[in-house]
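Trainee: Top line first, the protein sequences correspond to chains A and B. The first sequence begins at 11 in my numbering and counts up by one. The second sequence begins at 19 in my numbering and counts up by one.
No lab work stands behind these hints, which were simulated from the structure alone. The structure displayed is predicted, hence computed values, not measured ones. Please note: incorrect hints may appear among the correct ones.
Listed next, the in silico DSSO-like pairs over lysine-lysine satisfying Cα-Cα at most 27 Å (straight line) [said to hold, decoys possible]:
1. B/K83 / B/K108
2. B/K185 / B/K195
3. A/K92 / A/K102
4. B/K91 / B/K25
5. B/K108 / A/K218
6. B/K91 / A/K218
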Amino acid sequence: MKDQLTEAFVSTKAIFRDGGLVIDAPAGARNAALSNRFYFYLMMPAIIVLAAITLYPFFWLIYMSLHTVDLGLADDTWNNLKNWTRLGRDRKFQEGWWLLLKYSSLCMFFEVTLGVMIALILNRSRYEKILVTIFLMPMMMAPVIAGLVWYYMYNSTFGWYHWLMQSLGILGDKSILGSSSTAMIGIVMVDIWQWTPLIILIVLAGLKRVPRDQLEANMVDGAGDIRNFFQVTLPNLYPFLLIAILLRFMDNFRFIDAILVLTGGGPANSTKILPTYLFDVSFSFFKLGRGAAIALTLLAVTIVLGMILVRVFERPSSTRSNSGGT
Amino acid sequence: MASISIKSVWKYYGDTPAVKDLNLECLDGEFVCILGPSGCGKSSTMRMLAGLEHITAGDILFNDKRINDLPPKDRNLAMVFENYALYPHKSVYDNMANALKIQKVDKATIDKKVKWAAELLELSPLLDRKPLELSGGQKQRCAIGRAIVREPELFLFDEPIAHLDAKLRAHMRSELKIMQRRLKTTMIYVTHDQLEALSMADRIAVMRDGVLQQVGTPSEIYNQPANQWVAGFIGEPAMNFLDCSLTESNGHLHLSHNAFSFALNAEHIAKLNGSAKEHSQVHMGIRPEHVTISARATPEHPIKGEVLVTELLGGDLLVEANVNDTRVTIKTDPDYIADMGDTCYLGMDTSRWHLFERESGVSLI
Ligand SMILES: Nc1ncnc2c1ncn2[C@@H]1O[C@H](COP(=O)(O)OP(=O)(O)O)[C@@H](O)[C@H]1O
Ligand SMILES: [Mg+2]
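Just chain A, with the same shape it has in the complex (with noise of 0.2 Å):
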């Protein structure tokens, strides 16, 4: 306590050595001190579990990234770097970054033009709160069971989606997970049709909040719909895309439930994206020190696009209307 009081006092002076004007500027000041260290005292248990739960299996992994770990069959040895060494020859490991990438790139052009439009459609509609209650179904299946229930549309025998696919002369005899050149589409358009409604549901919560005078400022100005799309809607948009993708992208290099149920990776590796791959040494082969030098590469891949995200879509002014005030 005591020490806290000179270290207030301490700042105290500060802000008078550097000009304050207000007069009680030293109680409030003092009060700052103090109540930030308070809530910092506060939340100090929370910091700790977190840190327990957050941090400790950080660092574990880059441990075992270090070792050869053999599931307590043996001593962890340190292996001079060979965990990460020999990612630079794994080519499995290459081809599953680049179908990971292609694979994302895929979900995400898709989920966000469709959700955009359909969200566009229904803000529109007198019976928005029916039909997004009814488009958010996808989202609410655990995805197990989206792959399962396509797993059984896809089938080549009973699957209806098959059939229909079949009778139109699309797709052959094969289902279109058994062939490598056709197996990607098939988990991508899972991916689309459990995932869009997300999209749908934070566009259209951005939408409410794109200003109207804006809009109409615009069509005064002699915009049409899909001018004003791209000149207001858009832009007040960006925040809320943002979310989506970095919510979406993350989701990608995690979620590989529906992809080990519909392929497991296969046909000849051709949806083998990199977590499935990480799944196979992992927990397949229980190599777990090159599984954790996987993770840690996912682990930065994700950081980095994050934060290319973030730059790319922040804007230097807010997007709030700008009305009122002086």
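Please build the complex by placing chain B with the ligands on the supplied structure of chain A, with the hints as guidance.
Mentor: Chain B with the ligands only, in chain A's frame:
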């Protein structure tokens, strides 16, 4: 350029009417002010003219063509919004250039026009700023700029200078008027400030609670208000109203207040048109500048009162006097010396009176 006619237009928001049976003509090149207190339906009218609000009933014609269902982009009008409605992502320059860019005007012309407008509105140093970096007054000028760089057929200005400070407002009043005269573009200008309306408009439409009260030139509105409400709304300081009754004695009609009584002259009686009996309870209205004051009783100053308070307004002195429990405001010369409690004598210019029926407020004289 366009002539506008608004024919029996109604606007309902849900069950509440905002504009009731509005009829208004606006000639080609005319400057019409819609004047009224806030909430009287001025903005609703503008938004219907701009095509931003559905017209519940009635028709709006541009050049005798019904445009009820025409989308805003096809109406070729420029609007200044009450709340600026600037594009926050765009610089002041791009805000102003937006409409011209949409019209695919070439860059050099856009640049010339934007610079011209910026010069006029004293915005030149701010062209690169974003709206959020502007003060309220600057935003408002930017919004005006966005409208005047175009050459539309119709200007709709919704309280465009309400947020400027007094000096700039006076400056903008004359600038806007000069600009409108020069461009000869039809202008519908909304304001709640009667001074703005009186000083700028060719004609004023006075609205109250969604109902049009009177349309006329500024001098008609000022000198021949259609009813007591308009009379009280126009003019600063406001018109005095005194409870009076019309009485007949010795075959002469008299206007009687509990402090005075005047005989009506032939002109008054002609205007009353023999209907005096039905309107025996009236309000007499007279503007403060038409009441004279004197420290001593004279034939011109027969009404005795007591000075309540004086207020010096630069070139004028306002005196409030109590005349038999009625408050009367007098506008006089600053050299009149009066203290609280002094006795004073008032005279009224009988040619400047107004009589309003007490119940309905309808103007009688
Ligand atoms: N979008 C709206 N929904 C419901 N009521 C409205 C709406 N806009 C205006 N009103 C109501 O209509 C009346 C007139 O409003 P408005 O035209 O904005 O008046 P003014 O511009 O003269 O202040 C007000 O009572 C206001 O509350
Ligand atoms: Mg208004």
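Trainee: In ascending order, which of the hints set out earlier in this document are inconsistent with the structure?
Mentor: 1
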